Amino acid sequence: MTTRNLGSGESKLETIISYILIIGVLISVVLEVIGIALFYATYGNLQISQDKSVFISGQNFFAFTLDQFQHLFGSQNALLFITLGLIILILTPYIRAITSAIYFAWEKHYKYVLITLFVIIVLTASLALH
Amino acid sequence: MLDIVTLLLMSIVVGLLGSLTGLGGASILIPIMVLLGIPVKEAVACGMVAIIATSSGAASSFVKERITNIKLAMYLEMFTIVGAIAGATITVIIAPIFLYFLFAAFLLTSFMKVRSSFKTYTPPEKQDRIAKWLGLEGSFYDESTDQVIKYKCTNSVLGGLGMFVAGLAAGMLGIGAGAFKVIVHEKVLKMPAKVSSATSTFIIGMTALAGVSVYLFSGLLNVTLMAPMAVGTTIGAVFGGRLLNKVRDRNLRILFLVIVTLLIIQMLYKGVTAL
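Protein sequences appear in the order of chains E and H.
Going by numbering that gives the first Met the number 0, the first residue of the first sequence is number 0, and it counts up by one from there.
Going by numbering that gives the first Met the number 0, the first residue of the second sequence is number 0, and it counts up by one from there.
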């Protein structure tokens with residue numbers, strides 16, 4: 000097998016992935032900064048809290064995500080924004096893996112489709128079951 | 000007591016220092032937080048989240064420059080994510096005292112960083128069967144020598160096992176374990192230094208996600224700790240990445256290692272007094 004890295008092949012995947020990563024991180028950081036600002040506006044201080052409400056709780060990441068997004072509109076809840084930032088951050092590498100799997104399937108690199116699917120399945124199971 | 004602004008500023012400095020020295024941020028930020036009275040398990044869980052941010056941010060530009068080997072990364076991620084899920088599960092269960100000692104031991108790997116960046120790359124003579132079958136090879140454009148460098152990987156099974164161990168340590172301690180990963184890449188898999196660090200940065204994000212999948216609902220993820228850590232280390236790493244070609248100061252590395260030494264002593268002290 001010859002090298003493919005510098006050919007036209009993988010370069011498209013690389014461009015897409017590099018955008019997914021940077022956009023995901025940017026959105027997440029912005030949401031968290033908004034969250035911190037709202038935290039200050041709401042509580043009047045920026046103390047690190049040990050209150051029960053500041054700890055993430057739930058069971059299934061995917062159900063948890065839907066639930067959080069439903070509360071988004073019209074909300075000014077500091078903790079919600081920080082949590083959404085966290086969700087976007089978690090989704091960033093996850094979407095990166097799904098994109099890679101689709102790409103490998105498109106390019107008929109079936110060995111790599113399997114490898115990527117293994118990664119996606121393990122992560123999905125761990126996110127859904129904990 | 001630590002507040003959000005102080006933690007944010009601290010995270011920026013640590014992120015900057017971590018990316019300038021290539022020795023990682025979370026591995027020193029977590030012991031510093033423990034020193035300031037944050038429970039170790041909470042610091043570990045939040046460190047793991049911060050790593051997704053810094054690693055994805057830093058990996059983006061390496062991927063764009065085609066230095067990261069995405070196929071090789073996918074192969075190695077199979078091992079690191081399983082390791083990270085196992086490691087994080089162990090941390091959730093065990094008593095904090097074990098974490099102090101493990102952290103101290105793992106911080107020692109910061110000293111093991113190999114000086115291989117200046118060596119010219121020689122590919123292995125033979126690839127093993129799996130590496131051949133999967134096509135674990137590639138090429139990249141090396142700006143410093145103005146050459147396209149072709150490389151091949153070998154020892155794919157042993158390399159995979161090494162990555163499992165790296166994932167285990169990363170998941171348990173909430174760190175990237177970058178120094179350890181780079182050693183496995185260069186010494187076992189025979190990757191060139193640049194590809195090794197770019198691919199390792201890329202893998203660290205996915206590994207951290209696997210760890211976070213365990214920590215997320217473990218009741219350890221404090222958002223008032225997580226947000227300033229993630230934002231701060233990311234800002235620090237982005238600036239560090241921009242400065243990287245301008246300042247490459249040996250003194251910074253020495254400073255970092257002095258800090259690491261103090262933190263090792265502190266974690267050991269914490270562990271011994273908790274006995």
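Simulated from the structure, these hints should not be mistaken for laboratory data.
Being a predicted model, the structure only gives us computed values, none of them experimental.
Take the hints with a grain of salt, since some may be wrong.
[Said to hold, decoys possible] 25 angstroms max Cα-Cα, derived DSS-like pairs, lysine-lysine:
| id | chain 1 | residue 1 | chain 2 | residue 2 |
| --- | --- | --- | --- | --- |
| 1 | H | K131 | E | K107 |
| 2 | E | K11 | H | K151 |
| 3 | H | K149 | E | K11 |
[What the hints assert, rightly or not] Chain H is nowhere near these chain E residues, computed Cβ spacing over 10 angstroms in every case:
| id | residue |
| --- | --- |
| 4 | G23 |
| 5 | E31 |
| 6 | T41 |
| 7 | F54 |
| 8 | F72 |
| 9 | W105 |
[Unchecked claim] Just some of the chain E residues that point at chain H, by a computed CB distance under 8 angstroms:
| id | residue |
| --- | --- |
| 10 | I55 |
| 11 | L65 |
| 12 | Q69 |
| 13 | P92 |
| 14 | K110 |
| 15 | I114 |
| 16 | S125 |
Don't be surprised by glycine CBs; every beta carbon is placed ideally from N, CA and C.
Status of each hint after checking the structure:
no. : hint            : verdict
1   : H:K131 - E:K107 : 18 angstroms, holds
2   : E:K11 - H:K151  : 22 angstroms, holds
3   : H:K149 - E:K11  : 20 angstroms, holds
4   : G23             : 6 angstroms, violated
5   : E31             : 4 angstroms, violated
6   : T41             : 12 angstroms, holds
7   : F54             : 6 angstroms, violated
8   : F72             : 20 angstroms, holds
9   : W105            : 14 angstroms, holds
10  : I55             : 4 angstroms, holds
11  : L65             : 15 angstroms, violated
12  : Q69             : 18 angstroms, violated
13  : P92             : 5 angstroms, holds
14  : K110            : 6 angstroms, holds
15  : I114            : 5 angstroms, holds
16  : S125            : 4 angstroms, holds
Hints 4, 5, 7, 11 and 12 from the list above are not met by this structure, while the remaining hints are.
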